[in-house]
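Q: The residues making up each chain are set out below.
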Amino acid sequence: MFLGRVTGTVWSTVKWPEAKGLKLLLVRPYRLGDVAPGAGAAGQGASAEASEPTDDLVVCADTLDAGPGDDVLVAFGHAARVAVSEKLAPGGKPDVPIDAAVVAVVDRVEIAGGAER
Amino acid sequence: MIRGTVVGEVWATRKARGLDGRKLVLVAARDADGRASGRLVVAVDVLDARGGEDVTVAFGSGARNVLRPGADNRDLLCDAAVAAIVEGAG
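Residue numbers (this note's numbering), protein chains in the order written: chain A, 59 to 175; chain B, 6 to 95.
Careful: at least some of the hints might be erroneous.
[Unchecked claim] In silico contact screen, one side only, chain B against chain A (beta carbon under 8 Å); selected entries:
(1) V12
(2) G13
(3) W16
(4) T18
(5) R22
(6) G23
(7) A33
(8) A41
(9) V46
(10) G57
(11) L82
(12) C83
Derived from the structure by calculation, the hints contain no laboratory data.
Where is the CB? At the ideal position from N, CA and C, for every residue including glycine.
From just these sequences and the hints, can you work out the full model?
A: So this is what it looks like as structure tokens:
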């Protein structure tokens with residue numbers, strides 16, 4: 059899983075039928091320097107405060123109704139399909155063609171050493 | 006698997022049912038030289054790793070095997086798990 063911030067939404071009309079009704083979000087993963095400035099390679103030039111995420115965007119399915127500005131956890135692979143299948147109608151097949159899904163909307167991240175965000 | 010350092014913990018109330026009751030830790034991956042690479046992963050932690058501790062994180066079915074070893078664990082929602090708390094590496 060990774061921690062990221064929702065930055066937008068993706069629409070599509072042509073897609074595999076099993077993915078119909080599935081909301082897709084754009085999520086930007088946090089790097090170490092974004093949550094713990096000064097720690098590690100990504101911290102160069104960062105201010106003293108935690109900043110916006112800076113990593114490459116990931117498109118992921120969303121069943122928790124997350125929206126832009128929310129910090130979320132995204133799971134990859136089979137775990138993403140398990141999360142999405144929780145929300146499918148009874149008898150729905152979990153073999154949806156996705157490999158990333160929002161699995162939690164984050165309340166709080168506590169960085170060891172005191173900082174919180 | 007990767008080696009990394011536990012740098013924090015993540016809390017969420019709105020989440021997939023499969024994550025209920027799971028402790029989630031934020032791990033900063035290390036590169037070949039042992040330095041933080043900048044990449045962060047969030048892993049399920051059943052070994053009660055503490056902030057600052059070095060750990061290994063397993064992904065995919067290896068992660069599910071940390072929670073419940075065996076072939077019948079594909080119902081688990083877990084793509085990354087703390088597999089070991091590291092005492093030394095050379």
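Q: Does the closest beta carbon of chain A sit nearer than 8 Å to the beta carbon of V12/B?
A: holds (6 Å)
Q: Regarding the hint that L82/B lies at the interface with chain A, is the smallest CB-CB distance below 8 Å?
A: holds (5 Å)
Q: Can you verify the interface hint for A41/B: is its Cβ closer than 8 Å to any Cβ in chain A?
A: holds (3 Å)
Q: Going by Cβ atoms only, is T18/B closer than 8 Å to chain A?
A: holds (6 Å)
Q: Verify the interface restraint on G23/B: the C-beta must sit less than 8 Å from at least one C-beta of chain A.
A: holds (6 Å)
Q: Can you verify the interface hint for G13/B: is its Cβ closer than 8 Å to any Cβ in chain A?
A: holds (4 Å)
Q: Under 8 Å, Cβ to Cβ, is where G57/B needs to be relative to chain A, so tell me if that hint holds or is violated.
A: holds (6 Å)
Q: Measuring from the C-beta of A33/B to each C-beta in chain A, is the shortest one below 8 Å?
A: holds (5 Å)
Q: May I ask you to test the interface hint for C83/B with respect to chain A, counting a Cβ-Cβ separation under 8 Å as satisfied?
A: Holds. Min distance 6 Å.
Q: At a threshold of 8 Å, is the proposed contact between W16/B and chain A supported by beta-carbon distances?
A: The hint holds - W16/B has a Cβ within 8 Å of chain A, the shortest such distance being about 5 Å.
Q: Checking hints one by one. Is V46/B an interface residue toward chain A, by the C-beta closer than 8 Å rule?
A: Cβ of V46/B sits 6 Å from chain A, so the hint holds.
Q: Just to be careful: measuring from the Cβ of R22/B to every Cβ in chain A, is the smallest value less than 8 Å?
A: This hint holds: R22/B lies near chain A, its Cβ roughly 6 Å from the closest one there, short of 8 Å.
Comparing the model with each numbered hint stated earlier shows that all of them hold.
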